[in-house]
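*Asks:* Protein sequence lines, in the order shown, are assigned to chains H and Z. Going letter by letter, the first sequence gives residues 50 to 405 in my numbering. Going letter by letter, the second sequence gives residues 1443 to 1718 in my numbering.
Calculated from the structure, these hints are not laboratory results. Each hint can be trusted.
Counterexamples of contact, computed for chain H against chain Z with all Cβ distances above 12 Å:
no., residue
1, E69
2, A160
3, G167
4, P305
5, W328
6, V355
7, R396
Here are the simulated SDA-like pairs of lysine to any residue, each with C-alpha atoms no more than 20 Å apart in a straight line:
no., chain 1, residue 1, chain 2, residue 2
8, H, K151, Z, R1624
9, H, K151, Z, L1632
10, H, K205, Z, E1615
11, H, K151, Z, D1626
12, H, K151, Z, E1614
13, H, K151, Z, R1629
14, H, K151, Z, R1630
15, H, K151, Z, L1633
16, H, K151, Z, E1615
Covered stretches of chain H, as calculated for chain Z (at least 3 residues, CB under 8 Å):
no., segment
17, 125-137
18, 140-154
19, 197-206
Keep in mind that this is a model prediction, so the values were computed, not measured. All C-beta atoms, glycine included, are put in the ideal place defined by N, C-alpha and C.
Given next are the chains, with one letter for each unit.
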Amino acid sequence: MSIEVRSVSKSFGSFLALDEVSLRVGDGELVALLGPSGGGKTSLLRIIAGLEEPDRGSVHFHGEDATRRDARERRVGFVFQHYALFRRMSVFENVAFGLRVKPRDERPPEAEIRRRVGELLRLVQLDWLGDRLPSELSGGQRQRVALARALAVEPKVLLLDEPFGSLDARVRQELRRWLRRLHDEIRLTSLFVTHDQEEALEVADRVVLLDRGRVVQDGTPADLFERPAGPFVLDFLGSVNIFHGRVENGRAHLGPLSVAYQGAPHDGALPASGYARSWEIDLSRDLGGADGFPAAVRHVAAAGAVVRLELCTDDGTTLKVEISRERFSEIAPSPGDRLRVVPRNVRVFLGGPGRG
Amino acid sequence: MSRRRVSPSLLPGFGPALGVTLLLLSLVVLAPLAALLATTLRGTPREFLAAVSTPRVVAAMRLSFLVSLGAAAVSALLGLLLGWVLVRYRFPGRRLLDALVDLPFALPTAVAGITLTTLYAPTGWLGRPLAALGVPVAFTPLGIGVALVFLGLPFTVRTLQPVLASLDPEVEEAAASLGATRLDTFRRVLLPELLPSLLTGTTLAFARGLGEYGSVVFISGNMPMKTEIAPLLVMTKLEQYDVAGATALATLLLVASFLLLLVLNRLEAWAARAVR
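Put together the whole structure using the sequences plus the hints.
*Replies:* Below, the structure is given as structure tokens:
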């Protein structure tokens, strides 16, 4: 079943959490709602689940307006960041809850409940823990119980609020791959909230980037990565260096950098900023070259798949650069060396310093 | 393994601390209780039974038990409501209301009794309209109940409050998203969480009501067989130099209190078991 959100706005007091947000999650899609904390992601998810009411706009399931429908009638599975398990019930009873509270004429018989809960616990690989209390489980196990509990009522859509937010890094990585495999298996329309760009880009079919209550970009992970819609997206998706300056006569003059600018024609100079990703910058020992500008190496972190360097330009700006291990052994930089910095790809956006 | 204590205890040594505690406990609690039992045991069992089975004693015990039980139940309901409001909602005057809950603890019980009697007497602010409706309060068992609810409410509110505060509203939302009605959520999710402390608070209120004297004697009217409570009867018997009768009744009340404490203890053990 598809989810559609149409121009939803929501404010809490004077704080505008959502500002005319629209988005669509197609049938069977796994979409990530990504953004910095306080960006309105959780509010949007809660509005879709019916736990919060929008001030304006509507929510549609399978084309049907569900904005006024009560949370318990929406058939939405909701997984909370802090699990929200029933702490006095065993794992088994937690998962069985949704089946046990069904109206008498829809409630499956006890044997059927046992069979379905057992099946779900096997699906989340916890069938051996049915008798335990939630407090006896690890964080990752609790989150899987929460997921099994949400799936027990056969929801039409699944909403996950920062599902891996309170887990440690290793468990998080494991669990998100597992979630992707699970989704490929059951193909349930799913929307999950995260502030971790790596998680969103790795797991989701599509990513909706939300900032200060607005949709900034909506596209596949590759889209977002290769064609960021603006400086915010670039900045949010990874380590990026920013050069402030102006564009004039088809060229951008950005501090030590000067690159061609193919934007719309304009009169006079306009403030602009250039963005270069840390791995789209080359370093060279040849200080006399025509491109780029000189900078001094300040710090080298050589442990890892790539080598991370921190450099300082002559005007005092700090640069983050990542180079391959091969390149690193060729130029062998060490702190204090002066090198030539050659950005391979600079994206220029109009607008002065600051976001937006 | 080192034998040395990792964190030194605040009190100087286990031996002296336990010794002082036991000594004081003996002087203040155990000795009077022993004396009471000794006085009771001076008589024969037959005398004891005779003393506690007169119609007046039976009526007083029955009244004390029933009214205390009813008042404890009302305190439980009101306490649940008041605790919920204090924990879940933010409104002007919340802190004042929160502080007022403790008033019955602080107020001399006689003051409470006199105030309630004045209010609920047939000529009082509340007593007059209620009497006109055919519901006399002062000098009836209902009046005793009102006084006991006043005293019992802080127990239920204060035992429930921390548990209510520890409940995560997300858990209720989770229940709702799984299709549970409000009633289902209350019955299956909230009540199991609240029940131990609800029972603890109710038992405390009940025990307090059973022994309460000061605030009740004014509003009850103390009519033998009708509105005379057991603690008052102990007092009356003492005033009539019927020491054997007074101690027999006191022993009965003591046994009842012990049983209640035992129940309380089991409830607390049960409450501690599930949530770790």
